[in-house]
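**Student:** Note that the protein sequences, when read in sequence, are chains X and F.
Take the first sequence: its position 36, counting from 1, is numbered 50 in the working numbering, and each next residue is one higher.
Take the second sequence: its position 118, counting from 1, is numbered 154 in the working numbering, and each next residue is one higher.
I should point out that these hints are in silico values taken from the structure, not numbers from a laboratory.
Virtual Cβ for every residue (Gly too), placed ideally from N, Cα, C.
Check the hints yourself; a few may be wrong.
In silico lysine-lysine, DSSO-like type, Cα no more than 27 Å apart, as pairs [as the list claims (entries may be wrong)]:
(1) X:55 x F:86
(2) X:80 x X:69
(3) F:62 x X:80
Here are some chain F residues pointing at chain X (derived, C-beta under 7 Å) [stated by the list, open to error]:
(4) 112
(5) 116
(6) 183
(7) 184
(8) 210
(9) 211
(10) 214
(11) 215
(12) 218
Now for the letters of each chain:
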Amino acid sequence: MNDGHSASEAAMITVCPQGPLLLRGDFEIVDAEGQSIEARKGPVALCRCGGSAIKPFCDGTHKLMKFEQRK
Amino acid sequence: MEPSSAKVAQALFELAADDAGPSVSKFIQRKATAGQAREFLILKSIYQLKEADPHTWAIPKLEGRAKAAMVEIQADEYGNGQLPRMHSELFRQTMKGPGLRDDFGAYVDRIPAVTLAAVNMISLFGMHRRLRGVITGHLALYEMTSSIPQAAYARGFRRLGYESPVTDYFDEHVEADAVHEQIAGRDLAGGLAEFEPDLVPDILFGAQAAAAVDALAGAKYLDAWEAGRSHAGAGVAA
Chain X
15 MNDGHSASEA AMITVCPQGP LLLRGDFEIV DAEGQSIEAR KGPVALCRCG GSAIKPFCDG
75 THKLMKFEQR K
Chain F
37 MEPSSAKVAQ ALFELAADDA GPSVSKFIQR KATAGQAREF LILKSIYQLK EADPHTWAIP
97 KLEGRAKAAM VEIQADEYGN GQLPRMHSEL FRQTMKGPGL RDDFGAYVDR IPAVTLAAVN
157 MISLFGMHRR LRGVITGHLA LYEMTSSIPQ AAYARGFRRL GYESPVTDYF DEHVEADAVH
217 EQIAGRDLAG GLAEFEPDLV PDILFGAQAA AAVDALAGAK YLDAWEAGRS HAGAGVAA
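Using the sequences plus the hints, can you model the full thing?
**Tutor:** As structure tokens, then:
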């Protein structure tokens, strides 16, 4: 949560089990050329399964792919 | 069930994956006529034009991690205070695409009872402190069954010739709800379960109730559309 203090603005990445990487705080996403990739305001989910149609962002496809669910 | 955040999130994700409700989204994506797509928007409008409001009632009824998670999700729903990004406002743009009225409740007399029941149920859950577990489970299920259908709706409306800003609502939800389902599962529902373990059955009930009632509504729409009938009253879908 952003309460206006620098400590809470540091980027934090949460690895979601069987799901995406959740980004919060201050961050910038750039492509291989260093060009900024526009992200939505607020927390962002980055694709970790490779199946998203809107990469680098997550679109929930990991659920269809049973990502990390195979025993 | 062990009331840990991870276990509760996993149980909710499994429940959402098992949700065998009729696929309105696949119908809209592949088959719906322009009239049926228009009718689909009318049916959705009774919730989407006030999207997020009934879940917001739960905020003062929660504490700690669950409250923070609910605020994080709801702030996003309200466009972080920016009117054009507010989800209900995005849906207003979608309604305007096929020339529909965008004032809340304009079509209420044409909405079938089962659809009204689904919406009233959220208000019931949101308004009572004793149902705080139920409302969090309801929101979690909603978020967990959203991003993939929303992508199908977006494709359906593009197939029918619509583009931005009509499709913005669906596109925004593909991305937003892929975020929200993670927060809703672990921090909101899971956070509440760790704080109040006795509420785990309520959390699961809320999720099951959301799935059950929406499946009833979806079955009614699909029956009518597959049979070539309208569901929001004669003339609306024409």
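**Student:** Hint by hint, where does the structure go against what was stated? Just the numbers, ascending.
**Tutor:** The structure breaks none of the hints.
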